[in-house]
Amino acid sequence: MKRPWWNTAIAAMSAALVLTGCGIAKPASNGSAAAAQAKIRAVGAESEYADLIRQIGGPYVSVTAIMSNPAVDPHEYEANPKDAIAVAEANLVVQNGLGYDEFMNKLEQASPNPKRLVIDAGEALGYQADTVNPHIWYQLNTMPRLAKIVAADLGKLDPSHAAYFQARARAFIQSLKPWDEAVARLKAAYHGRGAAVTEPVSDYLLQEAGLTIKTPWAFQAAIMNGTDPSPQDVALQTQLFTHHEVSVFCYNKQVVTNVTKTFLHLAEREHIPTVAVYETEPTGLTYQRWMLEETNAIYNALAHGTSLEAIS
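Numbering-wise, the sequence shown is residues 14 to 325 according to our numbering.
If you're looking for bench data, these hints aren't it; they were derived computationally from the structure. C-beta: ideal position from N, C-alpha, C; glycine also. Don't take every hint at face value.
Claimed, not checked - Here are the simulated distance ranges between beta carbons:
#1 Thr299 <-> Lys95: 21 to 27 Å
#2 Ala202 <-> Asn126: 46 to 52 Å
#3 Glu89 <-> Arg183: 18 to 24 Å
#4 Asn118 <-> His256: 23 to 29 Å
#5 Thr275 <-> Ala180: 48 to 54 Å
#6 His257 <-> Ala323: 45 to 51 Å
What the hints assert, rightly or not - No farther apart than 30 Å at their CA atoms in a straight line, the calculated lysine-lysine pairs in the DSS-like style are these:
#7 Lys128 <-> Lys190
#8 Lys119 <-> Lys227
#9 Lys200 <-> Lys161
#10 Lys52 <-> Lys169
#11 Lys169 <-> Lys200
#12 Lys119 <-> Lys161
#13 Lys95 <-> Lys128
#14 Lys128 <-> Lys200
#15 Lys190 <-> Lys161
#16 Lys95 <-> Lys190
#17 Lys200 <-> Lys190
#18 Lys95 <-> Lys52
#19 Lys95 <-> Lys161
#20 Lys227 <-> Lys274
#21 Lys169 <-> Lys190
#22 Lys95 <-> Lys119
#23 Lys200 <-> Lys52
#24 Lys169 <-> Lys95
#25 Lys169 <-> Lys119
#26 Lys128 <-> Lys161
#27 Lys200 <-> Lys227
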């Protein structure tokens with residue numbers, strides 16, 4: 014799903030690593046710097062994974078998010094030398110996998126480190142390699158399971174704080190309860206209600222809530238992969254709106270194409286509420302708050318006909 018930019022980009026990144034001494038910090042010369050250098054260095058390929066690491070690692074981990082701008086289309090993302098240095102210096106990397114962030118594999122290969130722990134979320138959680146929808150952080154059970162894996166790996170890197178990491182993972186899992194309850198409330202009230210989407214960003218959430226996604230998969234896949242959907246699929250999607258076969262329209266806020274704009278206008282004309290959903294964690298929110306806000310927005314759209322244009 015990514016553009017073929019790797020050859021030139023990775024060459025530039027490799028050169029940057031050479032200039033920075035492969036990005037490996039030298040021993041600190043004073044106490045405060047030494048304390049900072051003692052932290053586990055971690056990278057989350059997407060901001061939601063960086064947030065997970067941060068919440069579990071607390072003060073013992075320094076975390077960098079590679080894709081963290083909710084105003085940027087993740088499918089257009091191109092890594093840079095700064096990203097390469099962050100990966101080169103990392104003790105732990107968490108990435109989505111499933112073809113979503115393949116550039117991470119290139120960055121890791123550019124700075125081999127047998128001691129670096131890499132968690133491929135899709136692989137670690139048992140998803141098949143050919144899973145068509147890679148947006149697995151919208152599944153209710155993804156982050157709870159991943160939290161335990163992250164805590165275990167942090168404990169391997171810093172055994173003296175392993176119990177702390179385990180406790181933080183348990184607290185993180187417990188903090189997801191309001192989201193679980195919000196999804197249950199949505200399902201109890203609107204199970205079977207029709208929903209339209211632009212691409213499968215929030216499909217797992219909609220399915221967890223028992224809503225019926227009526228947008229053709231071919232339409233979703235085309236938008237996700239940056240191609241134009243077929244006229245037939247556009248016609249089918251249009252019919253969902255004009256015949257009022259759907260009660261809510263969830264669109265990817267980070268990929269607003271002309272096709273998306275057409276259906277946003279159509280939804281407004283047909284009085285179908287719209288909900289903006291995101292691929293990367295909105296600035297200033299935790300993962301828990303982000304998922305809860307989007308779920309509540311879908312509920313409010315169905316219950317009150319209100320739209321959510323952005324999460325600020």
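Quick rundown of the hints versus the structure:
1. About 24 Å separates the C-beta atoms of threonine 299 and lysine 95, a value consistent with the hinted range of 21 to 27 Å.
2. In this structure the supplied range 46 to 52 Å holds for alanine 202 paired with asparagine 126, their Cβ-Cβ distance being about 50 Å.
3. In this structure, glutamate 89 and arginine 183 break the distance hint of 18 to 24 Å, their C-beta atoms being roughly 37 Å apart.
4. Distance hint check: the CB atoms of asparagine 118 and histidine 256 are about 44 Å apart, inconsistent with the given range 23 to 29 Å.
5. Checked against the hint of 48 to 54 Å, the C-beta distance between threonine 275 and alanine 180 comes to roughly 50 Å, which is consistent with it.
6. Roughly 25 Å separates the CB atoms of histidine 257 and alanine 323, a value that falls outside the hinted 45 to 51 Å.
7. Restraint check for lysine 128 and lysine 190: not satisfied, since their Cα atoms lie roughly 35 Å apart, outside the 30 Å limit.
8. Between the alpha carbons of lysine 119 and lysine 227 the distance comes to roughly 36 Å, so the proposed pair goes past 30 Å and is violated.
9. Only pairs whose Cα atoms come within 30 Å are accepted, and lysine 200 paired with lysine 161 is accepted, the gap being roughly 27 Å.
10. Between lysine 52 and lysine 169, the direct Cα distance comes to roughly 13 Å. Compliance with the 30 Å bound is thereby established for this hinted pair.
11. Taking the CA atoms of lysine 169 and lysine 200, the gap is about 39 Å. The hint is violated against a cut of 30 Å.
12. Taken as a hint, the lysine 119 and lysine 161 pair is honoured in the structure, with Cα atoms around 26 Å apart against an allowance of 30 Å.
13. Among the hinted pairs, lysine 95 with lysine 128 is consistent with the structure: their alpha-carbon atoms are about 21 Å apart, no more than 30 Å.
14. A threshold of 30 Å between alpha carbons decides the hint, and for lysine 128 with lysine 200 the separation of about 44 Å lies outside it, so the pair is violated.
15. Distance hint between lysine 190 and lysine 161 is fulfilled; the C-alpha atoms sit about 16 Å from each other, no more than 30 Å.
16. Of the supplied pair hints, the one linking lysine 95 and lysine 190 is violated, its CA atoms being roughly 36 Å apart against a limit of 30 Å.
17. With a C-alpha separation of about 15 Å, the suggested pairing of lysine 200 with lysine 190 holds against the 30 Å cut-off.
18. With a C-alpha separation of about 19 Å, the suggested pairing of lysine 95 with lysine 52 holds against the 30 Å cut-off.
19. A hinted pair counts as satisfied when its Cα atoms are at most 30 Å apart, and lysine 95 with lysine 161 qualifies at roughly 29 Å.
20. The straight-line distance between the Cα atoms of lysine 227 and lysine 274 is roughly 19 Å, inside the 30 Å bound, and the hint therefore holds.
21. Between lysine 169 and lysine 190, the direct Cα distance comes to roughly 28 Å. Compliance with the 30 Å bound is thereby established for this hinted pair.
22. The hinted pair formed by lysine 95 and lysine 119 meets the criterion: a straight-line CA distance of about 14 Å does not exceed 30 Å.
23. In summary, the hint linking lysine 200 to lysine 52 is not supported, as the alpha carbons are separated by about 42 Å, beyond the 30 Å threshold.
24. With a C-alpha separation of about 26 Å, the suggested pairing of lysine 169 with lysine 95 holds against the 30 Å cut-off.
25. Between lysine 169 and lysine 119 the alpha-carbon distance is near 25 Å, which keeps this suggested pair within the 30 Å criterion.
26. For the hint pairing lysine 128 with lysine 161, the CA-to-CA distance comes to about 20 Å; that is within 30 Å, so the pair holds.
27. At most 30 Å may separate the alpha-carbon atoms for a hinted pair to count; lysine 200 and lysine 227 meet this at roughly 17 Å.
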